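Take these sequences, add in the hints, and give me the full structure.
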Amino acid sequence: MAQLLSSPSDLQAARVPRLDKLGIIIAVLVLAAVFFLPFVISRPNRIVAGMALPISGALPALQAIVLYGLIALGSVIGLLRVPSLWRLASSFVVVLSLCLFLGGAANFLTPEGNTVARVSPGAGFWVLVFAFALIAADALVRLRLGPLARIGVLLLVAAAIAAMLWAGVWQNLSILKEYANRGAAFWAEARTHVALAFGSLAVATVIGVPVGILCYRRSSVRAALLPVLNMVQTIPSIALFGLLIAPLAWLAANVPGASAVGISGIGTAPAMIALFAYSLLPIVSNTVIGLDGVDASVKDAARGMGMTDNQVLFGVELPLAFPVILTGIRIVLVQNIGLATIAALIGGGGFGVFVFQGIGQTAMDLVLLGAVPTVALAFVAAVVLDALVELVSPKRVPSA
Amino acid sequence: MTPGAIVRLAILILLLAFLLAPQSFAPVFAPLTRFGAPPIYNQGSLLDITLSHLWITFLATLASTIVAVGLSILVTRPFGKEFLSLSRSLANVGQTFPPVAVLALAVPVLGFGTEPTLIALFLYGLLPIFENALTGLTNVPRDVDEAARGMGMTGWQRLVGVELPLALPVILSGIRVAAVISLATATIGSTVAARTLGEVIIAGLTTSNTAFVLQGGLIVGILAVLLSDALSALERLLARRAGLTRRAEA
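One line per chain: the protein sequences are A and B, in this order.
Its first residue numbered 1, the first sequence is counted upward by one per residue in full-length UniProt numbering.
Its first residue numbered 1, the second sequence is counted upward by one per residue in full-length UniProt numbering.
Keep in mind that the hints were calculated from the coordinates and are not lab data.
On a predicted model such as this, the values are computed, not experimentally measured, just so you know.
Don't be surprised by glycine CBs; every beta carbon is placed ideally from N, CA and C.
It is possible that some hints are incorrect.
Said to hold, decoys possible - Label-pair ranges, simulated between beta-carbon atoms: (1) A:S56 with B:L47: 52 to 62 Å; (2) A:N181 with B:L9: 28 to 38 Å; (3) B:L47 with A:A224: 32 to 42 Å; (4) A:I161 with B:Q157: 28 to 38 Å; (5) A:N181 with B:F112: 20 to 30 Å; (6) B:L59 with A:N181: 32 to 42 Å; (7) B:D48 with A:A72: 48 to 58 Å; (8) A:V392 with B:P27: 24 to 34 Å; (9) B:Q157 with A:L100: 51 to 61 Å; (10) A:L31 with B:L9: 36 to 46 Å; (11) B:A26 with A:G168: 52 to 62 Å.
Here it is in structure tokens:
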């Protein structure tokens, strides 16, 4: 199937052996990464400067040769105009082996029983992963996978990562040593992070959709409210968190019972309120846009059938506007997962705790422990919700 | 002048007055301090910090604009067509990266200071501008494009004389998004030792001085809103000039 879909360019390639343009860029990147950038950084402890090692210095000779060979093979397949599915499979295998050999390098370089030595991925590793992920992304774009297939690919990648974590492939890698030191804190902050991002989204959806319906029906409300929400959206997160501290501290000090229910100047309360405020605009405005976009003839037909205003709203308008509202929810979720990181600065918890602690201690592995799950969470949320939006959207003729 | 414009002008004047003579506002902030803490930020001139913050935002946004518009032109020409769909989805996926994460990940590579902040802001700013420039350059109405070809314009003439002017309002909208994100992320940049208004807020947080937090937050918030409004106004002006509003109404 895939071969058939990408056939025009492949047929051309069979007659005229031209190289893939993206493949040429990738090959240059790979050469630079292999020869000029360190594969891993090895350090006697977590904060001192480290030693940069290429693949040949980071692995036993035989393993290094195998990895060089796999990288070379992957680059050649990237250069040739072979069917997208082949390119996807080969780049997936190369990324997987890079990950496995990274763990191998950490095991090889860490002396037996030494708990202070740190081996972290170097720039060369990241560039190589990026280069082959780019080939995979290109192949995925060309394959034009449907929403369910994309979620399937995501599950496959997640399963591969989970399996490697479970098997302890990376146990000697610096980021997992940071995790080993604070496993309980990691999951507590993870729960806070998810609660902040999803909790503010849930409240904003429950309030935002009715407000959006009100804006849709009364243009005076729309004209008054949307500019205000738009302005809130432009205020930088840390400034908004900060601006909420003073009024909330005042509330906690002056309203009896306020501090008992968890309202205080710093902590989760201002973070939650700020994230909620940021979430309102995309949800309200997408509700309005979605309802506006419902075909007038459909509404007329529904009224002609004798439906009341509320029946039209719940039976016709909201279902038709749902994909657009869901797009608003996607924007909010991805945005809030990122913004929740900042909550750590005002004592609100979340993965940001590790990011800012790490920056404070110049311990970059700790920064990664906070940043990598945040990025992964945002990425997964985006892929899943994009797929959902596509699933609930009415089928269109695919455009070129 | 509309009431909105008068309010904005008044806020701008108030902001300038505060930056030029912060001490005269001390009585306003004094009730927020405790134990005789200073009501006005005293570890550097607020004006200097604000200018440094704006300068970092400006440099990063300018660099992102040049590179992103250049790249978008490349991938919309015939020889770059192969990269069009990939780069479109990369720009889309890249924006799921939280700006803070980009900043945090720049530190291991570049160390502390203004440079990692600048690079992180530059990298992140590329995405919205690139995405909007692609939209603008690929959505030139077919009849306009055909008319330009019919007049015998070369590819370069069409780009400079037709495609870019028509895409300009959309590109500017991307620049606005990038500039607002840069201004916000630059604030976080003070945690990696960039000289920005974040240091006022963070100094207030670490010493429990709400006055510092409030003045830092107010300056950044007002700057962001004014910047976004000014760029939106410019966008509308350019859109009118490009005749896009009339087209939309027709």
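Cross-check of the supplied hints:
no., hint, verdict
1, A:S56 with B:L47: 52 to 62 Å, "54 Å, holds"
2, A:N181 with B:L9: 28 to 38 Å, "54 Å, violated"
3, B:L47 with A:A224: 32 to 42 Å, "35 Å, holds"
4, A:I161 with B:Q157: 28 to 38 Å, "51 Å, violated"
5, A:N181 with B:F112: 20 to 30 Å, "23 Å, holds"
6, B:L59 with A:N181: 32 to 42 Å, "39 Å, holds"
7, B:D48 with A:A72: 48 to 58 Å, "53 Å, holds"
8, A:V392 with B:P27: 24 to 34 Å, "56 Å, violated"
9, B:Q157 with A:L100: 51 to 61 Å, "53 Å, holds"
10, A:L31 with B:L9: 36 to 46 Å, "56 Å, violated"
11, B:A26 with A:G168: 52 to 62 Å, "59 Å, holds"
Violated hints, in rising order: 2, 4, 8, 10; the structure is consistent with all others.
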